Amino acid sequence: MWRDAALVAGKDLRIEARSRVATNQVAPFAVLVLVLFGFALDPDRGILSRASAGLFWVAVLFSALLAVQRSFAIEAVDGGSDGLRLLGLDPAGIFMGKAAAVFVELAALELLLTVGVVVLYGVDLGGAGLMVATAAVATLGLAAAGTVYGALSAGLRVRETLLPLLLLPVLAPVLLSATRAWEVALGTSVDDGWRWVQLLAVFAVVYLTFGLVGFGALMEES
Amino acid sequence: MALAVQLRSVVALVGRFPALAGVDLDVAPGEVVLLRGPNGAGKTSVLRACAGLLAIVSGEASVLGHDLRRDRRSVRRHVGMLGHAGFLYDDLTAEENVRFVARASERADAQAGADARTGPVLARLGLGGRLRDVPVARLSAGQRRRVSIAALVVRSSRLWLLDEPHAGLDVEGRELLDELVREAVGAGATVLFTSHEGDRAAALADRTVSMSGGQVQVQIPTPDEPKTAVHVA
Numbered sequence: 000m001w002r003d004a005a006l007v008a009g010k011d012l013r014i015e016a017r018s019r020v021a022t023n024q025v026a027p028f029a030v031l032v033l034v035l036f037g038f039a040l041d042p043d044r045g046i047l048s049r050a051s052a053g054l055f056w057v058a059v060l061f062s063a064l065l066a067v068q069r070s071f072a073i074e075a076v077d078g079g080s081d082g083l084r085l086l087g088l089d090p091a092g093i094f095m096g097k098a099a100a101v102f103v104e105l106a107a108l109e110l111l112l113t114v115g116v117v118v119l120y121g122v123d124l125g126g127a128g129l130m131v132a133t134a135a136v137a138t139l140g141l142a143a144a145g146t147v148y149g150a151l152s153a154g155l156r157v158r159e160t161l162l163p164l165l166l167l168p169v170l171a172p173v174l175l176s177a178t179r180a181w182e183v184a185l186g187t188s189v190d191d192g193w194r195w196v197q198l199l200a201v202f203a204v205v206y207l208t209f210g211l212v213g214f215g216a217l218m219e220e221s
Numbered sequence: 000m001a002l003a004v005q006l007r008s009v010v011a012l013v014g015r016f017p018a019l020a021g022v023d024l025d026v027a028p029g030e031v032v033l034l035r036g037p038n039g040a041g042k043t044s045v046l047r048a049c050a051g052l053l054a055i056v057s058g059e060a061s062v063l064g065h066d067l068r069r070d071r072r073s074v075r076r077h078v079g080m081l082g083h084a085g086f087l088y089d090d091l092t093a094e095e096n097v098r099f100v101a102r103a104s105e106r107a108d109a110q111a112g113a114d115a116r117t118g119p120v121l122a123r124l125g126l127g128g129r130l131r132d133v134p135v136a137r138l139s140a141g142q143r144r145r146v147s148i149a150a151l152v153v154r155s156s157r158l159w160l161l162d163e164p165h166a167g168l169d170v171e172g173r174e175l176l177d178e179l180v181r182e183a184v185g186a187g188a189t190v191l192f193t194s195h196e197g198d199r200a201a202a203l204a205d206r207t208v209s210m211s212g213g214q215v216q217v218q219i220p221t222p223d224e225p226k227t228a229v230h231v232a
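Sequence lines, in order, name chains Z and L.
All residue numbers for the first sequence refer to numbering that gives the first Met the number 0, where the first residue is 0 and numbers rise by one.
All residue numbers for the second sequence refer to numbering that gives the first Met the number 0, where the first residue is 0 and numbers rise by one.
Honestly, the hints are just simulated from the structure, not real lab data.
Remember, it's a predicted structure, so these values are computed and weren't measured experimentally.
Each hint should be verified, as a subset may be incorrect.
[Unchecked claim] Derived contacts from chain Z toward chain L, CB cut-off under 7 angstroms, selection only:
hint : residue
1    : LYS10
2    : LEU12
3    : ILE14
4    : SER18
5    : VAL20
6    : ASP77
7    : GLY78
8    : ASP81
9    : GLY82
10   : LEU86
11   : GLY87
12   : LEU174
[Unchecked claim] Sample of chain Z residues with no beta-carbon within 12 angstroms of chain L, all distances over it, derived:
hint : residue
13   : GLY9
14   : GLY37
15   : GLY125
C-beta atoms are modelled at their ideal positions from N, C-alpha and C, and glycine is treated no differently.
With the rest of the complex left out, here is chain Z:
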């Protein structure tokens, strides 16, 4: 399984590096979302600073949709999905590989967006350990759930519009938990931030398990 996962992840990341969709479209889109929130909310930065955690994770959520759509769009061209099935790879390995590639893309994007909220919203970074742990576990959940629902909608003609409809409600717990944890880390809220990280971990484990067990069936039905 791990060999197959490495093959698929390497292939997906190479395609993204070559096509530059992530760097030329997804990353600018995410930064644009931050800028537009800045225009819409409060030019003097008061509200922006307090709401920065939520705005950050909303931007990540929208970008995750694009990353997942892209991950399965490359399999829709020239019979890629059939080609992948014909190779006889372990479906769990394919799931892990595709989720790993989405994870790496989102992690890179989150680094960029972190710089964005510091520069645009004037956020003082604190609680680095909680921030990094939250980002890691939340991104794992986003990648796992996104890959599951990406496979589910991959074979449909309306997949571009259906995927957000399916995925956004499912990812709402990630948005909520990651925002609460980051608010604690950034000092805009007093709470037990690690409790939210635990919830994120449960979400990630559920979707990783679901993907490992059910991805083969999803691929066959898509």
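Let chain Z serve as the given structure and place chain L on it in line with the hints.
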């Protein structure tokens, strides 16, 4: 000796449409069988069913000893398919596409061997030199077809399933494909293919099977035997 392909009253659906409506077909190991018939006859569906890509809803189907009704995934590692689609990634180079297939088809401890096979196969298909490093999106249709053939060859499959394999190839490419098919058969592979190429396809095949309406209608024996039509339906 066990048959490479054995289909008995096979029914398969594409959506709700019965693409295969009771197909009976036997293919012996090492045989080259041509499927002929009009558009919509079910030729491509037979190939997809044999590759484990199309679910069989009734009948009996065995490919290379794998029961397709019970587990159609396990056969895939042993078959190579050249379809209307090329199964290529536009943003990867010819070499990267073929190497990905070679590595995926090889055991984890034999990745070096997979990489070593890639270069010679690409060169054989006329994709050596600068062409190997060109993303396939920038290649011509014929060159893309050659990359797909290279990906097929590098797998060393036991069953080749070829859907209009000569389409998009120039004369030299068609000759080369026929040569590769004969070499694969010489090495023990079985070939099931569709083609609208008249004489070329017939010359390559040991046997011709005619299909229409999702069923096998007529089988014509090998060139060594008298080519009299045998009705099987």
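Hint by hint, where does the structure go against what was stated? Just the numbers, ascending.
2, 5, 12 and 13
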